[in-house]
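Protein sequences, first through last, are from chains A and B.
Quick note on numbering: the first sequence equals residues 1 to 388 in the numbering used here.
Quick note on numbering: the second sequence equals residues 1 to 260 in the numbering used here.
Just so you know, the hints here were simulated from the structure itself, not pulled from any lab data.
Mixed in with the good hints there might be a few duds.
Heads up, simulated SDA-like pairs for lysine to any residue below, C-alpha to C-alpha not over 25 angstroms straight-line [stated by the list, open to error]:
1) A:47 / B:64
2) A:44 / B:13
3) A:116 / B:14
4) A:270 / B:198
5) A:7 / B:66
6) A:7 / B:236
7) A:22 / B:14
8) A:273 / B:236
9) A:25 / B:162
10) A:7 / B:64
11) A:17 / B:33
Note that the coordinates shown come from a computational prediction; the quantities given were computed from them, not determined experimentally.
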Amino acid sequence: MDFTLSKEHEMARTLFKDFAEKEAKPLAQEIDENHRFPRETVDKMAKLGFLGIPVPKEYGGQGCDPLTYAMCVEELSKVCGTTGVIVSAHTSLCCDPIQTYGTEEQKQKYLIPLAKGEKLGAFGLTEPGAGTDAQGQQTKAVLDGEEWVLNGSKCFITNGKEADVYVIFAITGTVEKRGRVSKEISAFIVEKGTPGFTFGTKENKMGICGSSTYELIFTDCRIPKDNLLGQKGKGFNIAMHTLDGGRIGIAAQALGLAEGALETTINYVKERKQFGRAIGAFQNTQFQLADMATKVEAAKMLVYKAAMKKAEYAKNPKISYSVEAAMAKLYAAEVAMEVTTKAVQLHGGYGYIREYDVERMMRDAKITEIYEGTSEVQRMVISGSLLK
Amino acid sequence: MKIVVCIKQVPDTKGGVKFNPDGTLDRGAMLAIMNPDDKAGLEAALRLKDEYGAEVTVVTMGLPKAEEVLREAMAMGADKGILVTDRVLGGADTWATSTTIAGAIRNLEYDLIITGRQAIDGDTAQVGPQISEHLDIPVISYAQNIKVEGDSVIVERQYEDRYHVVKAKMPCLITALSELNEPRYMTPGGIFDAYQKELTVWGRADLKDVDDSNIGLKGSPTKIAKASDKVRKGAGEKVTLDPDESVSYIVDKLKVKHVI
């Protein structure tokens, strides 16, 4: 077992760190305060290939492994959780399913511009009545001649109004299995600007405020028959498999947030003086930092392991990385929440003030325990594998 | 067009300089980076490549670890990397360094050689012009803008209060300022490709027309008696006043200090 990163990975980290410090960090506070999507950062990332890191070169990507991609999300999230999730949702939830399930024509038409960053991607599974219970879908797709007609709505969609290409799930019929009738779900690729596809409410969120989170509304929205992604009726499997990968991205985001809060706090406790001493000289501070750093390191091991398991899957599709991804996401998200909360505490009153980054980091961290499968869902996935 | 860019791996002096007890630089304790002026020189070469089409070869002399800056340069877009490394080349001053680099470049075809103005560890600004002397080609130092016109380069050469526009026929050498441009980032895929590319490693035996008396520590006329970190100034005092008030404020201060 080798815990040493390759020289390539080390250099990639230097690149991501350098970019994050120079381009994402200076905007982090402003986009949070104004709930503004950082389009300029996205454009810069597109030029550098950050929006297609794990996509093969023949499809416009960088041809790197999932670990490099996870490190990118991690480094961005260290300074700005919003920027991290923009890359994660685009890559894991839109590029990945098209790369995995798309036809050659779909890859040519959608994956290449997505990987090059000419277009931004999003993923629409969640509905008001279908969160953890993804089977509770109401959005329907009916085949009418050469077109699918979509009706329904999706909510809490990351990259909502800013995206150009959406992977959308809808009911296409019913199936009977062992006497039980259940909904048949299929996946589709929908382009922005398609008549009948509009945007509803912009969500006013607690954290990741620069991220564009919208409701998507489909009213007799007609898309070409060929925009069915994967086989008809396989939508649920596509969604679950896509979320397995997405969890590595969110786990990396959570890890980055925890690392960012820890680094910020280490610097702060060296400077902040109380009772004539830097607060870092007090044993309580030291022990808190020791616990935070240990948990961050453990989270990092889980996240990197999950990413490396996904790389194995790329070579051998029989390998599953579902449990590793669930463990990484569960643990990293909970560590992010704990570490950012402690970071605020160690900052004292200043930690509660908007000008201090840890205040934003704590708000950003909370969502990592909720989206792309709540911590409870991760526990279901993990325990399910133990007791099968 | 064939462009050779000379780069150097240097300790990052941003966080202060660290010394060994014997007064030499403690390079291990400081992060190693590509010298900023050299990086600007590389960026200038890559822009010429983007605009006119060129083959960019990066050359460095140093320890085997200096491979890192060559890989970085290739991840930014350089085509080839040459590492000149040999124990007998160690301890070189600017004379021995320029002799060595020129000896390496004599093996290459080139239209243009670009070096950084100076390295942040030695700050001499001598190696670039010395290489041009060894190779007997013109040099334009302190370049703040570079254009190619036919078989010539047109360069804005920076002075303290002005710049001169200088034209030189290629082959020639240009030394670049870090203000010349904003160097591009690497790309993730470019990094992995850079490590797949073959790197040329040359030793003493590969240097052309170089005498042993001009290389390494023995071939270095410079002797460093003592080195120390510069004394850092305090933060000073900042006041915001209107112009008249500031003049009186400063004059008062100078009187108190018996300067006037």
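We went through each hint and held it up to the structure:
1. A:47 / B:64: Violated: residue 47 of chain A and residue 64 of chain B sit about 32 angstroms apart, past 25 angstroms.
2. A:44 / B:13: violated (28 angstroms)
3. A:116 / B:14: violated (35 angstroms)
4. A:270 / B:198: violated (45 angstroms)
5. A:7 / B:66: holds (13 angstroms)
6. A:7 / B:236: Answer violated: residue 7 of chain A to residue 236 of chain B is near 43 angstroms, above 25 angstroms.
7. A:22 / B:14: Roughly 16 angstroms between the alpha carbons, so the hint for residue 22 of chain A and residue 14 of chain B holds.
8. A:273 / B:236: holds (22 angstroms)
9. A:25 / B:162: violated (36 angstroms)
10. A:7 / B:64: holds (14 angstroms)
11. A:17 / B:33: With Cα atoms ~14 angstroms apart, residue 17 of chain A and residue 33 of chain B stay inside 25 angstroms; holds.
The structure does not agree with the numbered hints 1, 2, 3, 4, 6, 9 stated previously, though it agrees with the rest.
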